[in-house]
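Residue numbers (this note's numbering), protein chains in the order written: chain A, 4 to 169; chain B, 1002 to 1799.
Some hints could be false.
What the hints assert, rightly or not - Calculated lysine-lysine pairs in the BS3-like style (CA-CA distance at most 30 Å, straight line): (1) K1798(B) x K1669(B); (2) K1185(B) x K1313(B); (3) K122(A) x K1032(B); (4) K1798(B) x K125(A); (5) K1317(B) x K1500(B); (6) K1500(B) x K1590(B).
Unchecked claim - So the derived list for chain B, only partly shown, Cβ under 8 Å to chain A, looks like this: (7) L1034; (8) E1212; (9) D1294; (10) R1295; (11) Y1421; (12) L1429; (13) G1517; (14) I1735.
Read the hints as simulated data drawn from the structure, not as lab findings.
The C-beta atom is built at its ideal place from N, Cα and C for all residues, glycine as well.
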Amino acid sequence: MTDTALDISLTINGERVSERVDARTTLVDFLRDGLSLTGSHVGCEHGVCGVCTVRVNGDIVRGCLMLAVQCDGATVETIEGLSDTGEIADLQAAFEQRNALQCGYCTPGILVAAQDLLKRAKENERVPSRNEIREHLSGNYCRCTGYQAIVDAVEAVAQARAGETK
Amino acid sequence: MKITDDSPSVLTALDRPNSYIGRSVPRPNLKRLTQGRGQYVSDITLPRMAHVAYVRSPHAHAKIKSIKKAEAEKAPGVIAVVTGAELAKVMTPWVGVLTHLKGLKSAPQHAIAVDRACWQGEAVCAVVARTRAQAEDACELIEIAYEELPAVTDPETALDAKTPVIQPSLGDNLCFERKLDAGKVDEAFAASDAVVETTFVFGRHTGVTTEPRAVVADWNEGEQRMTVYHGTQAPHMMQDLFAKHLNLRHDQVRVLTKDVGGSFGIKVHTYADEMATVALSKLIKRPVKFVADRIESFVTDIHARDHRVRAKIGVKKDGTITAFEIDDLTGIGPYSVYPRTSGIEANQVVNLTGGPYTCPNYRAQARVVFTNKNVMCQYRAVGHPIAVAVTEGLVELAAAKIGMDPLELRRRNLFADDAYPAQSAAGLKFEKLSHHESLAHLDAMMNYAGLRAEQKRLRAQGIYRGIGFASFIEVTNPSAAFYGVGGARITSQDGATLKLDAQGNISVHSGVTEQGQGAEAVMAQVAASAFGVPIERVRVVTGDTDNTPYGGGTWASRAAGIGGEAAWQAGKALRDNVLAVAGAMLQAKPETLDIRNGTVVDVASGAERLPLEELARVAYFRPDTLPSGVQAELMATRHYVPRAWPFAFTNGIQASYLEVDIDTGFVKLLKHWCVEDCGTIINPQLVDEQIRGGIVQGIGAALFEQCLYDERGQMLNGNMADYLVPMAAEMPDIECGHVVSPTADSELGAKGAGEAGTAGAPACVMNAINDALRPLGAEPLTDMPFTPGKILRALGKV
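Construct all of the structure, not just a fragment, from the sequences and the given hints.
Shown next, in the form of structure tokens:
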């Protein structure tokens, strides 16, 4: 491992982390196995299903398509961080109230992806339509819900947040 | 959209004060999941834990001539390299048969292949290492010499004399065969005004749980005990099987199941690689973790469907269905899956075809044959999507042939709502169904007449929309008739233990499990209502063979109907126990007291007499102050099993409205409706979400999902980019309606709701596509999934 490992320093959920990682380690494996941040999940391992979605330098990425070493110097936010800061508390509450999750395995990725849409919608001062929500979440597979409850919950939060701005 | 907090109660008989039954209470376990603080098996790490990776057969059928493992054993981090022959010394093989499926046969299956691999993906050698990556690296260093054998991949020729026999000890490739002949089929067809005959094909597909199968096995040599953290639907069944095949006693095996990332029937079977992982832990005396990667999931998670059904219906001009006839063929892989067998799906197809209709003339043949592809077994709505698509496909083709509205033809043939108890031609016994009321509800809910008018108007503009229906029946709350009578050690009963703690809160320990359906919420609702506390004061414990009553887990829509009734009875029993203590403390007759909202009250006036906290304090810390002879029993257990009916059948009807682009063959789903009758509705929101999720899985089968194999038995699309599942953008909004016919077999009256969506959706999408294309003269599409290519071929465009 020594000849293929590299030292990286990054900020994860507001915490400074310096670790030596194997060059081939994906970001999501590093988060889960290296740092025990198990809220980000592994599903398809090739960038299709979205259960590993996390935020890197403000943008959402697939944790299985990015290597940990690419995150040297980056700011990474996971579901654990977004929960603790309260940034998505309203979205989480809407998911719970609307039963927008069943097994919950896809949920952290969906919440991170939905927050990305909601943040940009708020910046543009518009409420996304149901079709836009569905389009935006098309990279996040859910096998349990059939998606309608998820769309309902995201739509409700979009409307509520728009109400707050007025 | 507005999120409504609650739904009006639909319940009358269970009118306890402050009842939670019939209310959309949020599930108690959701917050940890939305915060990423769940505990899935793939999240678990134990001290000294090692990881296993399997070398899998690249061939569909091959003799294993030699395995050279020396290089792998020297690789960094490697702890052990174990072959099938070596593991067989620790774990015995198994045979997946049931005696009530007469004649069903299968060959012994080992945890790791010994001498011969029978499908592409079967594990041939295990590598245990400090990390999964090291184990996978070492797998690359193992040299296996194979002699490729002929692969049997086409079920149609599997029984031909010139086709090689996959399991020589069995004599042929026939796993199971069933024939049924009810009424006078030939006379009925002869007397028909019209006969429609066609062949339906159902693509082989799989569950694609977002969390792959996962197991962490921890053999403690000091305790002589195996603890298995397992993403399973049936912890007690797995305890029994781990014990049996490792030659241990039940008390030496504990199975723990917390969060499970999707199951849908995929995680209720014995998987060779999971059994091997447990055996490896015993062999190397330390925890071993196995998490399937996605390619492994596609080639080893059970597949389902893959049926070819030749089918025929006879009908009179007045719409009376005269007869049904089917010939079903399915290829299930090289082994019947243990312990539920791979004969159940075909058996269900025979049982369920024609089930909603009074037609007494029905002939069926089903043959289940061995092939060299991945094994097939029970997946959500077992057999239903096939039987429903065959029946409802025939019904709509017959309606078109005699020029009758498809809903009208159903009205003339469905069992009347006052005809119960009733029995189908296949011999299914129905306690109480509501086909006509459900149909009428659907008709109104979707504005059928309005949609037909819109369809006609748009056709004139060259827009082709279709409306399709599917009436269905659904098997739920299975009794021992499903598996137990056939000799499988799969329990149909379930239990619940309620315990009052020293602060006056209760815990419910249930034998059912939670994989997201909301079983824990249902248990909390039922227990809180029966006992009389606010739901916040109920904690539910599931998924632990050390700490829950012996139970079957969650499958075949049994959790609410069976586990819920056990919790209801246990709640009543604990209430009686608590009121006996309260009576002694208050010098009142227990029958004049009740527990409401966490307080002992007078039944008549509702006046508060004693908080549960105070009762618990006295009972636990000052029992000396209770009258002599009064012993507080603050824990109660009850079990329940359906006895009056082998299954609690539910019924319903779905409709699909869609648009076919006749230039591209793409199908746009516009709207979907479902009216179903699952008896007492404990939590309306959870029922609706089971229906919606089930419908979308059924839509997947109709339009997208298929495990593609070549003629050599190689799976061609074993990844999530090439195997398509429904995505958010393509799915319609789904409207649900309900009719409530409680089962009288239990006090709760709840039946299951987990299969209904998946049962009916493929049929009504198929019927809607054919309805859209009918004016264009297209041959009816009956070969799922209905890809754009197939649609364009049916239109003669390619």
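Okay, the hints, checked on the actual structure:
At roughly 19 Å between alpha-carbon atoms, K1798(B) and K1669(B) fall within 30 Å of each other, so this suggested pair holds. Between the alpha carbons of K1185(B) and K1313(B) the distance comes to roughly 14 Å, so the proposed pair stays at or under 30 Å and holds. For the hint pairing K122(A) with K1032(B), the CA-to-CA distance comes to about 22 Å; that is within 30 Å, so the pair holds. For the hint pairing K1798(B) with K125(A), the CA-to-CA distance comes to about 46 Å; that exceeds 30 Å, so the pair is violated.
A threshold of 30 Å between alpha carbons decides the hint, and for K1317(B) with K1500(B) the separation of about 61 Å lies outside it, so the pair is violated. A hinted pair counts as satisfied when its Cα atoms are at most 30 Å apart, and K1500(B) with K1590(B) qualifies at roughly 23 Å. Below 8 Å, beta-carbon pairs count as interface contacts, and L1034(B) has one with chain A at about 3 Å; its hint therefore holds. With a least beta-carbon distance of about 5 Å to chain A, the hint placing E1212(B) at the interface is held under the 8 Å criterion.
Among the interface hints, the one on D1294(B) holds; its C-beta lies about 6 Å from the nearest C-beta in chain A, closer than the 8 Å criterion. The beta carbon of R1295(B) is positioned within 8 Å of a beta carbon in chain A (closest approach about 5 Å), and the interface hint is therefore held. At about 31 Å, the closest approach between the beta carbon of Y1421(B) and any beta carbon in chain A exceeds 8 Å, and the interface hint on this residue is violated. A hinted interface residue such as L1429(B) counts as satisfied when its beta carbon comes closer than 8 Å to some beta carbon of chain A; here the least separation is about 28 Å, so the hint is violated.
Given the 8 Å rule on beta carbons, the hint for G1517(B) holds: about 3 Å separates it from the nearest Cβ of chain A. Annotation: interface hint on I1735(B) holds; nearest CB of chain A at approximately 6 Å, less than 8 Å.
In terms of the numbered hints stated before, the structure departs from hints 4, 5, 11 and 12, listed from lowest to highest.
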